[in-house]
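J.: Here's the letter readout for the chains.
Protein chains: 4
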Amino acid sequence: MSSSFGTLFQVSTFGESHCKAVGVVIDGCPPGLALTEKDIQPQMDRRRPGQSALTTDRQEADQVIILSGTENGKTLGTPIALKVNNKDHRPKDYGDMRDIPRPSHADFTYQMKYGIRASSGGGRSSARETIGTVAAGAVAGKILREKYGVEIVAWVRSIGEIEADPIKATTLTRQDVDTTVVRCPDAQAAEKMAELVGELKEMGDSIGGVVSCIIRNVPTGLGEPTYEKLEAKLAQAMLAIPATKGFEIGSGFAGTRLRGSQHNDPFTVKGDTIGTLTNNSGGIQGGISNGEAITLNIAFKPPATISLPQETIDFEGNKAILEAKGRHDPCVVPRAVPIVEGMAALVILDMAMRQEARNALRF
Amino acid sequence: MSSSFGTLFQVSTFGESHCKAVGVVIDGCPPGLALTEKDIQPQMDRRRPGQSALTTDRQEADQVIILSGTENGKTLGTPIALKVNNKDHRPKDYGDMRDIPRPSHADFTYQMKYGIRASSGGGRSSARETIGTVAAGAVAGKILREKYGVEIVAWVRSIGEIEADPIKATTLTRQDVDTTVVRCPDAQAAEKMAELVGELKEMGDSIGGVVSCIIRNVPTGLGEPTYEKLEAKLAQAMLAIPATKGFEIGSGFAGTRLRGSQHNDPFTVKGDTIGTLTNNSGGIQGGISNGEAITLNIAFKPPATISLPQETIDFEGNKAILEAKGRHDPCVVPRAVPIVEGMAALVILDMAMRQEARNALRF
Amino acid sequence: MSSSFGTLFQVSTFGESHCKAVGVVIDGCPPGLALTEKDIQPQMDRRRPGQSALTTDRQEADQVIILSGTENGKTLGTPIALKVNNKDHRPKDYGDMRDIPRPSHADFTYQMKYGIRASSGGGRSSARETIGTVAAGAVAGKILREKYGVEIVAWVRSIGEIEADPIKATTLTRQDVDTTVVRCPDAQAAEKMAELVGELKEMGDSIGGVVSCIIRNVPTGLGEPTYEKLEAKLAQAMLAIPATKGFEIGSGFAGTRLRGSQHNDPFTVKGDTIGTLTNNSGGIQGGISNGEAITLNIAFKPPATISLPQETIDFEGNKAILEAKGRHDPCVVPRAVPIVEGMAALVILDMAMRQEARNALRF
Amino acid sequence: MSSSFGTLFQVSTFGESHCKAVGVVIDGCPPGLALTEKDIQPQMDRRRPGQSALTTDRQEADQVIILSGTENGKTLGTPIALKVNNKDHRPKDYGDMRDIPRPSHADFTYQMKYGIRASSGGGRSSARETIGTVAAGAVAGKILREKYGVEIVAWVRSIGEIEADPIKATTLTRQDVDTTVVRCPDAQAAEKMAELVGELKEMGDSIGGVVSCIIRNVPTGLGEPTYEKLEAKLAQAMLAIPATKGFEIGSGFAGTRLRGSQHNDPFTVKGDTIGTLTNNSGGIQGGISNGEAITLNIAFKPPATISLPQETIDFEGNKAILEAKGRHDPCVVPRAVPIVEGMAALVILDMAMRQEARNALRF
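Chains as they are written, first to last, in the numbering used here: chain A, 1 to 363; chain B, 1001 to 1363; chain C, 2001 to 2363; chain D, 3001 to 3363.
Each hint should be verified, as a subset may be incorrect.
Only pairs whose alpha carbons sit at most 27 angstroms apart, straight line, appear in this in silico DSSO-like list of lysine-lysine [what the hints assert, rightly or not]:
hint, chain 1, residue 1, chain 2, residue 2
1, C, 2074, A, 87
2, C, 2270, D, 3319
3, C, 2087, A, 20
4, D, 3325, B, 1142
5, B, 1319, A, 270
6, A, 87, C, 2087
7, A, 74, C, 2038
8, D, 3147, A, 147
9, C, 2074, A, 325
10, C, 2074, B, 1147
11, C, 2325, A, 20
12, B, 1325, D, 3319
13, C, 2020, A, 87
14, A, 87, C, 2038
15, C, 2325, A, 74
16, A, 74, C, 2087
17, B, 1074, D, 3325
18, C, 2020, A, 142
Here are some chain C residues pointing at chain A (derived, C-beta under 7 angstroms) [said to hold, decoys possible]:
hint, residue
19, 2025
20, 2027
21, 2071
22, 2114
23, 2115
24, 2118
25, 2363
Worth flagging that the hints you see were computed from the coordinates, not collected in a lab. The beta carbon of each residue, even a glycine, is placed where N, CA and C say it ideally should be.
Could you build the full structure based on these sequences and the hints that come with them?
T.: Right under this line is the structure:
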């Protein structure tokens, strides 16, 4: 297991879907930061289940509690332990699934890897594990905002075949994103998406989608070539989110069809610094941020847990029909938005701290 | 800088395009493995420049030398240092570029990050850095093959708009891939690709492409949730290759358009084990290998260094026209094939060793 | 901050003396281990304050709670979060010390490092932080015992000038150690020690001491040269315990006075394996365990917090007399015994797991 | 194997006694530092064999070569690979020892751990491995000196029973230390030491000793509690040097005999900062440097390889008399001086970089 991430701003998450609590320990948080639960809760609320009719019916308030690392509302520079209690578990819903591994879910692989697995819920593979990332990401995000003016905004770009019109992301805010229940800033597309998700929920089926993310005002010079290039750590972080199947930065797969003379981003003067006229690079060149906005797409598959009957086999190899009960999201992308933002914040802050160490010792 | 990768099978690379030597130190290689330079050289040869008329004209034999860690052709379990001398550098070709950062290249970001940069070649951002990955990957690949029967084969899926017909990858070999100069097993597509690349080389332009990779016979149970899920480490590894812009596993971005009932991979009996009927998961579920083949796509942008004139600015902010000299690849994907295979091997072996530790202590 | 330790069996501790809770997250625990709070509590009880008249008067039951990572009394292989609530804090006792840093305590250095510090108690430098080590060490100790038969026993060798007669450690148990209140198995010396500590408590002074530790039945082959030699990691672990000033393995400083012909441990047949006639090496040669018992001594200075008046200065540089209030141990070594055992277990288990990975891949 | 050390200034060593080359890769060196082989060679010369009649007769010039990471005499911020070729090996001298493991040497444990070992010399357990530490330590030492004025000086405090008079270390220089062939600044004691070592060399025996080290002008605030307290990492580093058996900081084992009222270091005004009147703490309190000099003692056992006949057994368990040939040091402490200094520099610089990152982000 590696439930830890980061070199200087290091997070370690814990918790399964149906244990006492899930949470995270943040080690290396800069001291003196004003921090209370109020700084963290808003992103928790954007992630929590039951927030709209389109998400799972599991009800969790997901109130975060700071156990250590702060005093009088300020960080001490010591490990910050954050905890959210699990409340609404219904292990009984999971009877069938003890014997029949859910297709495309983690039941089978967890059993093979560990020889044991949580008997209900998704255990450690549940999206509840992402609470740690979202909570720690909220802390990282606050530091990035206050120290560097970094802004991180993610949104739903597509659900199934329904794609939003191109979004003007240079000024997009989280408030803008939250104006629609599916977190897609294109209101027309959003309406269609909501309708589709509602239908699928009714049917007991599910659907995938794409989340886009922009990271603005990133200091130039972040990223640690060669194995920890900035895009490499962002890719790791995003593919560590449950249900992800793809990652793009800048021009992504579409860029492979272009010629260098079309794809290159010419340099230009921007105020008192050097920028680029276009941004096919997505804000990173040679593994290092160039000061332009970092732009990402992340692909999410349709959730594996559906209530439609599925022909499959049980752990003994006998043919079986699985009709999953439990409460599940028909589409994860609206709730994935704060998770993507959290992951982005963890990567950028850790890289910023590493670069600050270099800057301080530069000759 | 983080030029190290891996937890138990750990590699640390060194070297710039125009210094004395490039190489890698492998720490944690299992002892007793039969290993000489001959085990490593074939992949070096597939990566080296000047191997065909379609690649850069820089000529480097790229002969690998083992400095330590073996005796009488066997590994001692101690660090294996591997070195390749740099020979054919022509720093004079880089005169212009000292003042004018190449658009979409790493010149600008390296200068901003370090306050200094190699005065010629790509320095550390050069693809010569990947020699370490390819060399260490060849060692990892041999171990995986001998201990688990793992087979890793990458190939060129597309160059620009030219896409290969779907490849039957279940039996594809590296020999099959090498039957065409562009390393695309679809001979017809390969011919068009070669033609296009040749034209672009002539024109001084460049083009992107997609490399696919299959990893067969992966033991079930590899991957370390949650931040080091198997696909997350593969994504990091692939995005750490120069010029990459995207990553897909299994159904990738196309999978986002499907419904759960279409996308889920039902379980089925395969011989004496459990497998899946389809493989939209790409061999990984919940961050852990399920025993099916792992399937990846990696997007490469067109190389930034082109000799067509480019309107840009110099480091002082003055308008400038850059006409790059030096010798460069018009398309990197044919040479990227062994790099992708090397990265895949590093990830899989490290994960296999971590799982072996768990298995040994399991109750 | 690095509050994490270990490569495969990784622990991350959190908590200050006066926050809500202290604890630890264990990542990488082997799955299937029978584990409840009852396996951990005994070592917590040996560490807790208020356990005898010779320790601090602070009363803490230090009841450990498992938050995650187990189900039905078995480990899942997922992170195990362990928590102990803080109860008996009396911040008011610390009024003076806000302005006057305690000599030889961490008040000054924490303030300088972080620019902020906990306003009462020792904050993160408090010995309460060691709860995480003791709890995780109890888990590691159970695994080592069940998988390898490893036995770890520490005891008090000296307090001030009072030194125990040489202890026959080959069969010494924790029960033997606990027969005296100071945890010294030499009853006569123990009586004098207890008397001395009682006197010093009365006087408001404190005293140092030495803890010895034996680790029996260690598998041959543990330790990761060169920077993570077994003795190197043990030294790090022990010097990470508050108030430690020295570390010896085997012959230690006394061994520097011997000649090679006196100091070398000749090999001999022991049953069906090879052992040594003497054990000046302390069970480790070349950084790797040789199968003999590992023997350690750890030096603890007298606790810095005393209630005798001390001439010093305040943070502003003004002369001041400090008369510390609060409740403090006159001598830490009796309570340090389970901490030393915990640290030893963390090191040995992590090394055992790393060696298992190597063994599985050995050719 | 973990042949890597450090978090931000990370070194990875390679090489056995009788392979082609030994060396080190430094990853994370600050850019822009003036650096050529001349900065490194002096410490190599103090470490190299054959430097005086008292050391091993093996002759190695130990000329260091920079392979990468610098251009025009300045560091690029990229990995610096340093190499020293092995020249004077005489594998024939080791005939006997292939079957008979040298008592207290690493022959037995390496064979047990890896199932294979270098057939001559000490392989990876040879002191030649320390070349990497000394070379990287010279780089780290230069940075510390130029950025912070840090001074690191080690010397021989005792050999066998012969102990130097207390050394006034506040102004001691490496030049002072090198005035005697045994590197003991007390000329009278040095003479006796040299005589003793000479006699033992003649006899084919060996002797242990203690090296002391002072680190002056350390910035206040270095050290990463709780597992990476400054003294903990120093202890790890020193116990990773071959033949070490003990470590003390400040008052060490002697301090365990004192009372808190005697041992505490009262604070006082020193110029424009706060210091302490005494330094029993050895420059570290709570795991963090307090600005006073850091003072260490390191115990070295007598070298295991002696030419006096030793009654032991061979790998098959048969009784045997070992008379080691080969060329070996009768006492390692004079040559250990630059190794201790190198380890100290690696620890202090890495901690300084980590603290700079914190300082830059502090609120």
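J.: Decide, hint by hint, whether the structure agrees.
T.: Hints and how they fare:
1. This hinted pair checks out: residue 2074 of chain C and residue 87 of chain A have alpha carbons roughly 21 angstroms apart, not beyond 27 angstroms.
2. For the proposed pair residue 2270 of chain C and residue 3319 of chain D, the alpha carbon gap of about 13 angstroms is at most 27 angstroms, so the pair holds.
3. For the proposed pair residue 2087 of chain C and residue 20 of chain A, the alpha carbon gap of about 21 angstroms is at most 27 angstroms, so the pair holds.
4. Between the alpha carbons of residue 3325 of chain D and residue 1142 of chain B the distance comes to roughly 38 angstroms, so the proposed pair goes past 27 angstroms and is violated.
5. Under the criterion of a C-alpha separation no larger than 27 angstroms, the hint pairing residue 1319 of chain B with residue 270 of chain A is consistent with the structure, at around 13 angstroms.
6. With a C-alpha separation of about 25 angstroms, the suggested pairing of residue 87 of chain A with residue 2087 of chain C holds against the 27 angstroms cut-off.
7. For a cut-off of 27 angstroms, the pair hint linking residue 74 of chain A to residue 2038 of chain C is broken: about 36 angstroms separates their Cα positions.
8. Between the alpha carbons of residue 3147 of chain D and residue 147 of chain A the distance comes to roughly 25 angstroms, so the proposed pair stays at or under 27 angstroms and holds.
9. Distance restraint check for residue 2074 of chain C and residue 325 of chain A: the Cα-Cα separation of roughly 26 angstroms lies within the 27 angstroms cut-off, and the hinted pair is therefore satisfied.
10. In summary, the hint linking residue 2074 of chain C to residue 1147 of chain B is not supported, as the alpha carbons are separated by about 31 angstroms, beyond the 27 angstroms threshold.
11. Distance hint between residue 2325 of chain C and residue 20 of chain A is unfulfilled; the C-alpha atoms sit about 38 angstroms from each other, more than 27 angstroms.
12. Straight-line distance between C-alpha atoms of residue 1325 of chain B and residue 3319 of chain D comes to about 72 angstroms, which puts the hinted pair past the 27 angstroms bound.
13. Between residue 2020 of chain C and residue 87 of chain A, the direct Cα distance comes to roughly 21 angstroms. Compliance with the 27 angstroms bound is thereby established for this hinted pair.
14. Under the criterion of a C-alpha separation no larger than 27 angstroms, the hint pairing residue 87 of chain A with residue 2038 of chain C is consistent with the structure, at around 25 angstroms.
15. A distance of roughly 26 angstroms separates the Cα atoms of residue 2325 of chain C and residue 74 of chain A; the hinted pair therefore holds under the 27 angstroms criterion.
16. This hinted pair checks out: residue 74 of chain A and residue 2087 of chain C have alpha carbons roughly 21 angstroms apart, not beyond 27 angstroms.
17. About 26 angstroms separates the Cα atoms of residue 1074 of chain B and residue 3325 of chain D, which keeps this hinted pair within 27 angstroms; it holds.
18. At most 27 angstroms may separate the alpha-carbon atoms for a hinted pair to count; residue 2020 of chain C and residue 142 of chain A meet this at roughly 23 angstroms.
19. Of the supplied interface hints, the one on residue 2025 of chain C holds, with its beta-carbon coming within about 5 angstroms of a beta-carbon of chain A, less than 7 angstroms.
20. A hinted interface residue such as residue 2027 of chain C counts as satisfied when its beta carbon comes closer than 7 angstroms to some beta carbon of chain A; here the least separation is about 5 angstroms, so the hint holds.
21. Checking residue 2071 of chain C against chain A: minimum C-beta separation of about 6 angstroms stays under 7 angstroms; hint holds.
22. Evaluation of the residue 2114 of chain C hint against chain A yields a held restraint, the C-beta minimum of about 4 angstroms falling below 7 angstroms.
23. Hint status for residue 2115 of chain C relative to chain A: holds, with the closest Cβ pair at about 6 angstroms, below 7 angstroms.
24. Taking 7 angstroms as the C-beta contact cut-off toward chain A, the hint placing residue 2118 of chain C at the interface holds, the least distance being around 6 angstroms.
25. Taking 7 angstroms as the C-beta cut-off, the interface hint given for residue 2363 of chain C is violated, the closest approach to chain A being about 25 angstroms.
Hint check: violations occur at hints 4, 7, 10, 11, 12 and 25; the rest are consistent with the structure.
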